[in-house]
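Undergrad: The residues making up each chain are set out below.
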Amino acid sequence: MQKAKKLRALAVVVPTVLIASLLSGTFTTGATAADSGMGPGPKKKAATFAVGSLIDYTKQPYTPKAYASAAKVKDGTQDCSYHNTSMKDYSGQKITVLAPPPPNMGEPMEQHGAMFAKLTGGKVIVQHVPVGDLYPKQQTAFQTGVSPWDVVVNFSNWIGDFQQYYYDIPTKYTSGNGELASMLPLYKGIYSWNGKTKFFGIDADRHFLKYRTDVIEDPAAAAFYKDKTGKTLEVPKTWAEYNLMASTFNGYKPKGQPAGTAFAGSSEITKRDDLMSTAFINRVAPYAKNPNVKTGFWFDKNMVPQVNNPGFVQGLTDFVASAKYWPQGGGNFGLSDEITSYGRGDSLFSYTWDDAWSQSNQSDSPIVGKVKAAPNPGAEKVWNSETKKWDTPAGGVNRAPYIAWGWSSSIPVASKNKQMALDFLCFFANKANHAIDLTIGRTGVNPSRTEDFTTDFWVKGLGWSTEATQSWIDTMNNYSTAKNRVFDLRVPGNGQFMGAIADGVALALAGQKTPQAALDEVAAKWVEILNTIGKDKVKAAYQNVLKLENS
Amino acid sequence: MTSKFYKRLFLLPGLLLLIAIIIFPLLFTIRVSMANWNVSHSGLDWAGGANWARMFHDVNFWSSLFRLFYFSFITTTLQYILGFTAAMYAWKGFASRRFFRVLWLVPLMTTPSVMAIVWRSIFREDIGAANGLLSKIGIDPIAWSTQIFPATVTITIAEVWQWTPFMFLILLAGLLSLPKEQFLSAEIDGATPWRTFWSITFPLMAPISIGAIIIRLIEASKIFDSIFNLTSAGPGNSTETPAYYLYTRGLREFQISYGATMGLMYLILAILTLTILGQIFARVSKPRGI
Amino acid sequence: MKKILKYSFIFIWSTFVLVPLSWALVTSFKPPAAVNNGATFIPWLQFQPTLDGWKDITGISGYANLFPPLINSATVTFFSTLISLTFGCMAAYGLSRFSYGWKNYKNPDIIFFFISQRIMPPAVLAVPFFILLKTLHLLDTKLGLVLVLTSGLMPIVVWLLVDFFNQLPKEIDEMAMLEGCNPFEAFVRTILPLARPGLTVAGMFAIIFGWNDLFFALVLTFTNVQTLPVAVVALNGTVTPFWTLSASAIFSILPLVGLAFVVERFLSKGGFAGAVR
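Chains as they are written, first to last, in the numbering used here: chain A, 1 to 551; chain B, 1 to 290; chain C, 1 to 277.
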C-alpha cells in the first residue's frame, strides 16, 4: 500500500515538474538566436575549372529540361566564379537550404546546389515547402530558437519580422569584385535594414503593365475605340484610362486572338489569401503616393493609418469596378491563375510581377510576340494626406510605381556554417549563373544588375523581339530612376497588416461592403495591430520604409 | 492479481500515453492564450484576458462559427444519407457488390490536401473540367467559386466525395455484423423491405450511426483543405470557417496567442455542442428499442 | 421500379466517385499547354499525352522522387497505427467490459475524452507540438511524428472499437475465464480473434488518417523525415503544375487501394456474423 502511494505521488509529481519546466524556463524570454560563428570554412585546393572557360549546363550533375536548352555562358572573373569556387574544398561539410517548390527558385537552388557540391565536394541539401509555408516555417523555428537551415529563401517585405534573425552580408559581396557589386542602388536599398545588408540579392522585382499590341497598336481597334469612347487609343496613362479600355475591349476579338479563347479586359490577382493585396497596392499607389508629402504612404507622422484615406478608397473603387471585365473566374485568381490566364491570351492587360511577361514571351505561348510592357498607370489626381485635399499633379498624371517584393535569400544568424552558405549563395548568383537564370523565365530570377538592362542580352540570348524587349527595359529603367515610388510596408507584422487589407478588399470586391466601409474596417484593424505589436516598434521600423519612399 | 489490476491494465496504458502526449500542448495553449506572443514578440509574458476580450468582439470569428451550421451539419447529413444508402446496397444488394465496395472506398484514401487541388482543376471557371464539359453541351459557364451559392455547392461536392466513404465503411461494417435472427423472422412475417428497414435495420444501426455522425461532425468542423484551395474563403468572407480563420490568423500571420485563444473557445463550444447532441441522440434513439 | 432506383443509384454514385479520379488520371498525362490553355479531355484527340508528369515524381527526370517519402510515410503510419491499435483496443475493451469512474465522470465521459482530442484544429496545436518535440529533441524525427500522430489516431480507434466490443456477448469472456484464463489471456485468446473485423476497420481508419496527415508533418519536420503529403504539396510552385500534382494524387492512393482489397476480404468473409452468433 505504501509503495503504491509513493508510486502514485511520483506519477503526479514527475509530469508536473516536467511540464512546469517546459512552460516556464525555456520560454520566458524571446528566443534570441545565438550567433554560431562562421563555420570551418573551405580548405584550399587546385582549381578544377579553367579560368574563363565556357560553362555547359547540360554537363552539370542536375540538368532540368529548361537548363538543357539554355545557351552556353562564359565564366566570369568575380570572386565566386566557377573557377574561383572550384578552388574551395568543402568536403565533409554540408548546408541545408529552405526553398520554395520548383521551378520558381526551387529549381535553380537544386541545379546550382548540385554543381556547387561537385565543384567543392561539400553537400547541399534543399528542403522545399509550399510558398505560403516559408513564412510560418521560419517564424516557428526562429522564435523558438531552432535553426535547421543555413540558407533560407524569403521575400524582402518580411525584413521587419526577420532582420534580427539574419546575418549581415559582408560588404565585400556587394562592392569591389563582389558578385552583387553591380546591383542597382534601388535594390541594394531594399535588401538592407539600418544600413546593414540582410538579404543576398538573387532576384529583384517590380510590378508593371503588360498589354496586347494587337489591340493597343492596331488601327482597327483604335477606330473601334474612337467610335465607342471618342478617345484616342494609346497605352493607358491612368487607371481610369486602363479601366475604360478594359471595359471597351471586353468581349472584343483582337486580330491575333488564339482560337477558342474569349477576350476580356484585365487579368488580376483577386484571390484573397493569394497575394491579392499586392494588386490592390498597384491600384492605389498613384492616388495615394503624393511626391510632395514626405511623411509617409502607409502612415502619417503620427502613425495614423492612411489605408482609408480618399486616395486608397479611389483605388479600391477602381479595382471593384474592374470586376465587370475580368475573364471567366477572374474573381478567384491567385498569382498562378493570373500568370496562366494572361499567358494564354485571356485579357488585354495585366499588371503585377514579371511572370506573366515571361509566360507570354515563351515560345509555346499562343500570344508570343503580341505583348509589350509599360510602367503601371498613374492617376489624374493624388491625395495629399497633410492638407487633406486632392492635388492635381504636375503634367496631369501622377506616377507612383510599386517596387514589389520578390525572392531573396538570407543566412540565419544561428547557422553553424555561414562561410559555406555565403560561398554557395555567392556561387548561385555569379555572373554566369545569374545570366542563365535570367533567360529561363521559370527560375524566378529577374533583372537587378546594370548589365541586365541591355536589350542585346535578351534579344540574342532568348530570341525575344527587339521592340518588346525595349519596352520592358525602358519600363524597368523608368522605375529605377523614378522619384515617387511605393514600397512594401516593411515593418514587423507586415503579414498582419496585409492580411487585414486582403480581408477588407475581398469584402469590397464581393460587394459585401462599400470600398469606404471596407477600408474603414481595415484602418481600425491596423490600429489594433499597432497596439499589439507596439506603436513605437513599428514607427522605428517605418523610418526604414520612409527612407526608401523619399529617396 | 485482482480484477482491479486488470481493469486498470486495460485502460490506463492507452489513457496515460494519450494524456502524456497532449497535456503539454493543451496547457501551453491555455497559457499562451493569456500572453502576447506574435511576430515581433515571442515568449510567455502576461497579457491577462486581452486576447479573450478581443475574441469576444471579433465579428469574423463568430460569423465563421455560424457558418459551420451549414458546412458541418449539412455535409455530415448528406454524407450519412448517401453513405447509408450505399452501405445498404453494398450489404446485400447485388451480385458484383464486392467490387463496388472497394471502388466506393477509394475517395477516402486520397490525400485531402492534394485532392483539393484536383478539385480546383475541375472547378476552375476558366480552364476547369466542369465548365469545359458544360460548354460542350451548350450551357453557360457557372461561377463555381466566385458567387456565394455555387461556391458553397462546390465545397459541398468536394466534401461529400471525400468523406461519404467514411460513413459508408463504418455503416457497412455495422450492417454486416447485425444478428440475422430478426431479419429471418421479419421475412417470415412477410414484412416489406421498407418496413424491415425502418423497424429493424435502422434502430439496430442507431448506436453505430450516432458514433459515426459524431466523429464526422468533429472532422467536418475542421474543414480546411477544400476551402483553402477552392475559394480562399471567398467570395468576400462567405466561406470562411473557424479552421481557416484560425490558420490565417494563428499560423500565417503568426498571432500565436490569439490563435490559441480562438482555438480554446472553439474547443469549449464544440464540447458543449457535442454533449448536447449526444443527449439528444440518446433520447431519440431509445424509444426505437435500443 | 425498385431495381431502377437501385441500379441508377449504383451507376450515378460510381460515376461520381470515378469522375475526379479519372480527371486526375487524364490530367497526369497532359503537357502544361493542354492544362493551361483550356479544358481538354481526350488524349491523342485533344492533346498529345506525355509521361512528363510521372517522370517528374518518380525521380526519372531528377525533378522529384516520391519513393523515399513513400517509405517515410509507410514507416510513420505503420508505427503510429500499431501503437494506437495496441493501446487503443485494450482501452476500448476495458471501457466496454468494466466500469470506471472518478467522481461524476464515468465510462461515457472517458470515451468522450478520447474522441475530444480530435476537436482542436491542427493549426492551434502546431506550435505547442513544435516546442514539445524541440524539448524532447525529437524534431524532424520519425519517432516524434509517430508520437504526435498517435495522439490523433488512438481516439478514433477507441471510439470505433468500443462499439464493436459492446456487440460481443460477455459470455464469451466468462467462458474463457472459466477455462482458467486470466482476463488478459481471455482478451488476447478469444476476444481479439472475434473482433478481427472491427480491428481491421479501426486499423484502416488509423492508417488512412496517418497516411494523409499533412499538417503536423509539414510543421514538425525539416529535411530528414519528409512524408508523402509534404513531398507532394512541395511540388506546388508559383504556377500550379496540375499535371504533376494529379500524378502524385494517383501515386499516393495506390498503396492504400491495395489495403482496401484486404479490408473488403475481411468484411466479406462473414467474420461479423460469426462473432455474434
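It is possible that part of the hints are untrue.
[Said to hold, decoys possible] Coverage of chain A stretches by chain C, computed from C-beta distances (three or more under 8 Å per stretch; other residues unrestricted): (1) 60 to 66; (2) 124 to 134; (3) 337 to 351; (4) 526 to 540.
[Said to hold, decoys possible] Simulated coverage check for chain C against chain A, where a stretch passes if three residues somewhere in it have a Cβ under 8 Å from a Cβ of chain A: (5) 16 to 28; (6) 36 to 44; (7) 50 to 63; (8) 89 to 102; (9) 212 to 224.
If you're looking for bench data, these hints aren't it; they were derived computationally from the structure. All values reported here derive from a predicted model rather than from experimental measurement. Quick reminder that beta carbons are idealized off the backbone N, C-alpha and C, glycines included.
Undergrad: So, for every hint listed, does it hold in this structure?
TA: Verification of the hints:
no. : hint       : verdict
1   : 60 to 66   : holds (count 4)
2   : 124 to 134 : holds (count 7)
3   : 337 to 351 : holds (count 4)
4   : 526 to 540 : violated (count 0)
5   : 16 to 28   : violated (count 0)
6   : 36 to 44   : holds (count 3)
7   : 50 to 63   : holds (count 3)
8   : 89 to 102  : violated (count 0)
9   : 212 to 224 : holds (count 4)
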